[in-house]
Amino acid sequence: MSGIHFHVNGKEHRVPQSFPATTSLNEYLRESAGLKGTKVMCKEGGCGCCAVTVTLAAPDSDKLETFSVQSRLLRILGIKTYQDFIVYFLIIGWQISTIEGIGSQRKGYHPIQERIAKFNGTQCGYCTPGMVMNMYGLLHQKPNITAQEVEDNFDGNLCRCTGYRSILDAMKSFARDANIPDSKAIDIEDLNKNICPKRGEACTGKCGQSLDLRLNDACWYRPTSLDQLSKVMKGNKNKKIRLVFGNTSAGIYKDDGPYDVYIDLHGVKEIYSYEVTEKSVRLGAATTLTQAIERLKANHHKPGFKYFRDMSKHLKAVANVMVRNVGCIAGNLMIKYWHKEFPSDVFLILECVGAQVEIFSSAFSKRETTSMMDFLNKVDMTDSVLTAVILPCLADNVVYRSFKITPRWQNAHAYINAAFNIPIEGLVVKGRPSIVLGGVCDDMVHATKTEDFLANKSLSPTLFKEAYTTLRDELVPTENPLEATPKYRKDLASGLLYKTYQEMTHDFPIHKGLPKKEAPVLTAGEAMFVDDMPKFQNELYAVFVLADVASATIESIDASEALKLPGVTHFFSAKDIIGENNFMFGGSWFSLAPHEVFASKEIFFNGQPLGLVLAETQDMATTAAKLVKVTYSKIRTPVLSVEESLTKDMEFKHARITEVVGTPDEAWKTVDQQVEGTVKMGSQYHFYMETQVSVAIPSEDSIDVYSATQNSDICQHAAAQIIGKPLNFINITVPRLGGGFGGKILAPAMLTAASSLAAYLTNQPVRLNVDLASCIRIFGKRQPFFAKYKAGFTQEGDVKVVDVEILADSGYTEDGAIYTHKCIQSMDMGYFVPNWNIVGKVMQTNKMSMTAARAPGTVPGALIIESIMENVAKALNKHPVFVKEVNLYQKGQKDIMGHTLNNCTIREIWRRLKDIAEVEGRLRQVEAYNQVPGGVPLAQLLKFCESVQRGHWTVGGKLWSCEVVRLAGGLSHSKVWK
Amino acid sequence: MVVVEEEEEEEEEEEKEKEEKEEERGGGEGGGGGVPVRLNVDLASCIRIFGKRQPFVAKYKAGFTQEGDVKVVDVEILGDSGYTDHGAIYTHHCIHFMDMGYFVPNWNIVGKVMQTNKKSMTPTRAPGTVPGALIIESIMENVAKALNKHPVLVKEINLYQKGQKDIVGHTLSNCTIREVWRRLKDIAEVEGRLRQVEAFNQENKWKKRAITMTTCKHHMHHFGPGLGATVTIYGRDGSVAVTQGGVEMGQGLYTKVAQGVAHVLGVPWEIIKVKPMQGISSPNSMVSGGSIASESAMQAAIGAAQILKERMQPIREKFPDADWKELCQKSEANKLDLSARFFNGHELGGDHVASYHTYCAGVIETEVDILTGESQIGRVDIMADYGESLNPVIDIGQTEGAFIMGVGCFLTEDTKFDKETGRILTDGTWNYKPPTIKDIPIDWRIHLLPDTPNPFGVRSSKASGEPSIGLATGALLANKQALEAARKDLFGAKDFIPVDAPFTPEKALQSVGLDESVLAL
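Same order as they appear, the protein sequences are chains P and V.
All residue numbers for the first sequence refer to the UniProt record's numbering, where the first residue is 1 and numbers rise by one.
All residue numbers for the second sequence refer to the UniProt record's numbering, where the first residue is 1 and numbers rise by one.
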């Protein structure tokens with residue numbers, strides 16, 4: 001036979017023969033079957049807390065006998081001697097009953113369990129399951145038990161808390177001669193519970209070998225020592241030689257070469273050194289960037305090397321991991337050597353700290369150490385090779401900061417990179433600082449004038465201003481069409497000096513641009529997202545079954561085919577719901593119409609969940625969900641646009657919003673001109689990288705729910721409501737989100753409800769992780785809309801009145817009313833329009849219920865008003881920038897909602913931005929380029945009516961802005977930490 | 001070439017093995033990085049590694065009047081502290097608890113903290129009461145023996161009177177021990193049973209019975225920072241969740257916490273759930289120990305619930321007829337914070353820093369088989385002053401549990417060490433013997449002293465977890481009396497058998513000193 005099988009609580013269990021021979025039944029029950037109700041303590045049969053009952057027929061009888069045993073002492077496969085014996089018994093139908101099998105919170109407690117509770121026979125409760133199972137076995141043997149028999153049969157069960165009296169009273173209350181109040185004999189139906197009805201490119205490892213290949217037009221060498229290298233180089237004098245290690249520079253400088261001779265340096269053993277002393281750290285030339293990062297990290301805690309922390313961070317921004325894994329530091333330096341314009345991060349940070357390089361000259365067969373600058377400018381490397389980099393120990397008072405500013409965060413060359421090495425005591429610079437800049441111009445390495453200026457100065461705002469001016473004066477970025485503008489690079493480089501200055505002088509940590517507190521664990525993948533929770537014992541994976549039609553009536557749902565698949569355990573649909581089939585609730589800050597978790601009868605959109613398939617693996621569940629057969633009647637053509645919805649009169653009329661500001665009717669009489677137009681916008685999927693997920697785990701008398709939600713409250717409510725339990729039945733935990741963007745405000749409640757229901761019905765942990773395609777099908781997105789507008793304005797372009805009618809695609813529910821309302825309230829953006837007449841119509845379609853998506857009001861609102869402004873400009877034949885400028889809010893004006901904008905900064909922002917971005921000049925340039933009117937619209941303006949604080953400060957004309965409240969990603973832990 | 005290929009394969013295998021090993025170790029490259037670690041120490045290792053109750057040897061000398069009024073006691077204690085000096089704490093405790101229910105005006109006590117090659121000894125339920133009770137009850141029994149009086153009568157003379165100063169210097173203004181004793185003696189029919197025991201012993205040579213009474217005065221005081229509780233009401237359905245700093249270990253702490261919250265909020269007990277203790281919401285908690293965690297946690301929960309009640313009061317006034325759920329919904333709608341935390345720094349809601357004594361007394365009757373040393377506890381009556389018990393069901397459970405733990409300590413739970421290696425030999429259920437079901441009294445009655453509210457306790461209560469363990473000294477002393485009765489029968493001896501706990505059947509039998517001469521066949 002393959003494996004051992006037996007029954008636990010009426011369910012067949014199979015154990016492979018590969019199971020360790022010493023596995024006890026207790027270990028199996030607790031560790032494999034997940035039946036942790038059976039406890040374990042002494043593991044030697046002396047305490048009784050591992051008691052279970054066994055039901056079997058003796059070999060010579062058909063009569064089943066049940067008795068309690070110490071599960072710890074039974075071996076599943078037995079020690080060798082007993083193996084055959086045990087197997088023999090198992091195959092004739094051992095049946096194990098555990099504490100879970102005889103009664104539970106869910107199925108109702110067994111009378112023995114009830115009796116112990118009632119007689120206060122539990123204190124810590126650890127011995128209790130054993131006590132119960134012992135009594136359970138006893139009552140099978142002696143249904144008419146006497147008090148004495150009870151007393152006589154509890155010698156194997158230890159209790160440390162109660163002093164036993166209460167337990168004995170409880171047990172004796174089953175005795176026929178009991179002198180105990182509330183005694184009652186066991187009902188025969190409470191015995192034999194849950195007995196099975198049936199009865200029962202791979203490394204060649206040859207790096208160490210020298211190689212000498214002649215190809216058509218080049219030679220390949222792989223020397224194994226500097227000595228051999230020297231011979232190869234000497235033997236190929238006057239030929240074009242290429243030293244090769246990671247060969248990653250070929251990705252940047254594709255046109256270098258061809259060469260006559262290629263020398264692979266992988267075999268040269270002398271270039272692999274790694275030495276750490278108190279004074280220096282020596283990294284062999286062959287140290288890859290990845291190794292360098294690791295080695296720097298490994299030493300950053302040592303005195304004098306704390307700058308390694310920043311340096312290793314900087315190196316992580318070099319290229320990408322594939323490059324860093326093969327590219328070596330010497331290779332990077334040699335790119336810089338041959339291409340002076342190359343903004344080598346490695347060179348930058350090494351030079352900044354005064355590192356040295358060791359160079360082997362083949363001509364003289366000797367190694368010499370030299371400074372980075374001499375290496376770059378003086379040493380002839382044609383017949384030499386770098387062998388090592390030596391990083392010095394820096395004094396404790398040195399502030400080292402380095403930056404790499406890139407168009408995107410990763411795998412990008414720097415606009416500017418910069419490294420600052422400033423020895424400082426208090427606020428006094430001790431000696432000459434080192435400021436190294438990359439990306440400015442070919443021959444600029446050090447900002448020498450600024451270094452000179454700062455030497456031995458005392459830092460102050462005034463001094464900084466001067467230093468700043470000095471730096472700007474010496475920065476002369478070269479023009480290069482591929483690079484950012486010289487001005488930007490100049491601003492950037494000088495801005496970095498400011499950042500460093502700030503870091504040296506500013507109060508820590510408030511107002512500091514700190515990295516996210518949890519950033520390290522996020523980068524390391526150590527952060528625990530909901531689906532990173534370890535798999536629980538007996539966990540089931542859940543997958544939604546989705547409607548394949550958009551508008552119909554369900555006739556039948558047949559999951560029988562799905563349930564036939566091995567490993568598929570359950571299917572739940574609307575009819576299995578114990579409590580309410582609704583994951584919304586009223587009475588909170590938003591009041592939303594009920595949303596069914598599983599469609600009970602009517603289908604409103606294609607993708608509406610109909611039920612949940614549970615299986616032992618995700619794949620099984622996914623496969624099975626497709627096998628659930630659903631039949632529909634009254635299948636209708638779906639309504640998929642607001643225009644169709646309007647034609648079919650599907651507006652939620654009671655949800656219509658009318659907003660009148662000022663006196664639009666009168667305003668219309670006074671305006672010089674008017675324009676009309678339409679604005680149309682589609683939807684947007686939130687595209688949170690972590691899809692919707694919820695894990696529900698039954699625990700004690702609760703369910704622990706882990707949800708990726710922005711709104712734990714509604715999730716807790718939904719999870720409780722669907723099983724008809726109070727809120728304190730649900731313990732909800734939200735570890736963090738892999739993005740939310742509004743998409744995890746309402747939708748996760750559907751998941752917590754569904755997973756809570758499934759966990760409750762199965763009494764097993766349930767993981768519901770909805771895949772991308774299903775997320776897109778099921779969950780609400782940004783609300784599409786169609787708007788018609790009419791705007792009246794003066795000859796100067798001053799907009800006096802706007803009429804707008806919005807048709808908002810709300811999906812199948814009227815939730816869209818909220819976002820339509822938000823859109824209307826956000827429609828003024830940065831512009832003062834004194835008179836408005838807005839009608840928002842909430843249109844039903846056969847789509848998912850639309851939901852909040854990052855700035856649900858601002859996005860449509862901005863699109864409408866900016867379109868209107870552009871249209872007005874067009875009508876006046878003016879540039880939109882000028883029309884918009886006319887309309888900007890002034891301090892003290894009332895906005896569309898009636899708020900008086902006393903602290904409005906929009907004109908200040910506009911003025912500075914327009915200046916700093918050289919808008920006027922660029923408008924002329926654009927016009928010249930196009931030879932047609934039109935051009936670059938100034939970036940959209942934002943006026944948040946929420947009290948979102950925005951800090952602004954300027955640095956030499958460059959505007960820096962730091963958004964203090966992050967709208968996506970939830971509450972940052974960094975802020976709480978502060 | 002062939003050789004080279006073989007080498008390659010070997011290297012690959014080595015590489016593979018290395019990888020496999022790394023995988024076994026959990027690798028270092030898994031997404032999460034960390035590997036969960038479960039450390040579950042088995043019984044035998046627990047017994048070998050961890051500290052237990054401190055053993056001791058004490059020598060005493062007691063001076064007393066003809067009436068048996070003990071006037072002075074000298075004691076020298078050698079406390080087995082294990083390899084560290086932690087034992088000093090428990091020795092100190094022992095000294096502070098040595099008076100129990102008896103007033104001795106003069107003491108001269110020396111406690112020596114002795115190092116041994118054992119694990120560092122540690123608190124074990126009532127670390128002061130257990131040795132203290134054993135010493136003073138032994139002294140009282142010895143005095144009685146010397147006066148040829150029954151110990152019950154001698155002890156009675158020495159009981160504390162209200163207003164006397166105890167061994168620590170506390171004035172016992174609210175001492176109830178005499179009331180406890182009087183009522184217990186009456187309800188347990190001690191006088192009549194003393195005669196019955198005497199009659200039984202005259203009729204039985206190899207079975208002897210004895211009855212004795214013991215007392216306990218257990219000083220309850222609050223230590224450490226205190227306990228905090230957070231009470232949370234879910235606005236939409238009014239269900240309540242509590243998390244607090246006390247540890248539920250069987251003593252019913254969660255139950256008492258829920259009672260307190262239900263009381264303050266005026267809601268059914270059933271709608272309150274007490275959730276597991278978590279450090280992030282209940283920081284800086286004192287240790288759950290010393291019997292007082294339950295009341296401290298309850299008071300903290302009461303404090304938090306009161307904050308909520310006050311917060312909701314304006315809503316209550318606005319909607320006087322709203323039921324609880326409606327009230328909660330209205331409160332939520334009015335943006336009330338329906339979660340409150342209160343930290344009970346041990347003011348316990350009153351003016352006094354909690355410091356009081358729990359008093360109890362026991363009547364213990366045992367029967368000893370003089371030929372085997374086995375014994376059976378026939379009847380035990382315990383009367384305890386728990387003030388107005390917070391939960392009599394739980395407090396009775398504590399009383400019973402503690403008493404039986406004491407029975408184990410004084411009668412059965414012996415530890416033995418290998419003389420050569422120093423390894424503990426009694427490291428499992430087959431050689432270390434806590435009581436089982438038949439070690440408990442055949443007839444066992446717990447009585448709570450009525451009508452004695454405690455002005456210094458939470459809701460007039462007293463703590464119950466530890467005191468009654470000391471009463472179990474009576475089981476040892478009664479056994480000893482029974483054995484002394486046998487020795488009197490057999491040898492005409494009137495000596496006082498030295499007290500040596502655990503007084504196992506082995507020691508009991510040895511103390512009789514049976515020899516062939518008395519075994520009349």
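Just so you know, the hints here were simulated from the structure itself, not pulled from any lab data.
Certain hints may be false.
Unchecked claim - 20 Å max Cα-Cα, derived PhoX-like pairs, lysine-lysine:
(1) P:517 with P:316
(2) V:433 with V:207
(3) P:457 with P:430
(4) V:112 with V:52
(5) P:36 with P:535
(6) V:275 with P:725
(7) V:325 with P:725
(8) V:145 with V:59
(9) P:43 with V:433
To be verified - Negatives, chain V to chain P, calculated, CB over 12 Å:
(10) 85
(11) 96
(12) 193
(13) 275
(14) 340
(15) 489
(16) 491
(17) 500
Model, not experiment: these values are computed from the prediction.
Idealized CB from N, CA, C, for every residue including glycine.
Quiz item: Broken hints, numbered, in rising order?
Solution: 2, 13
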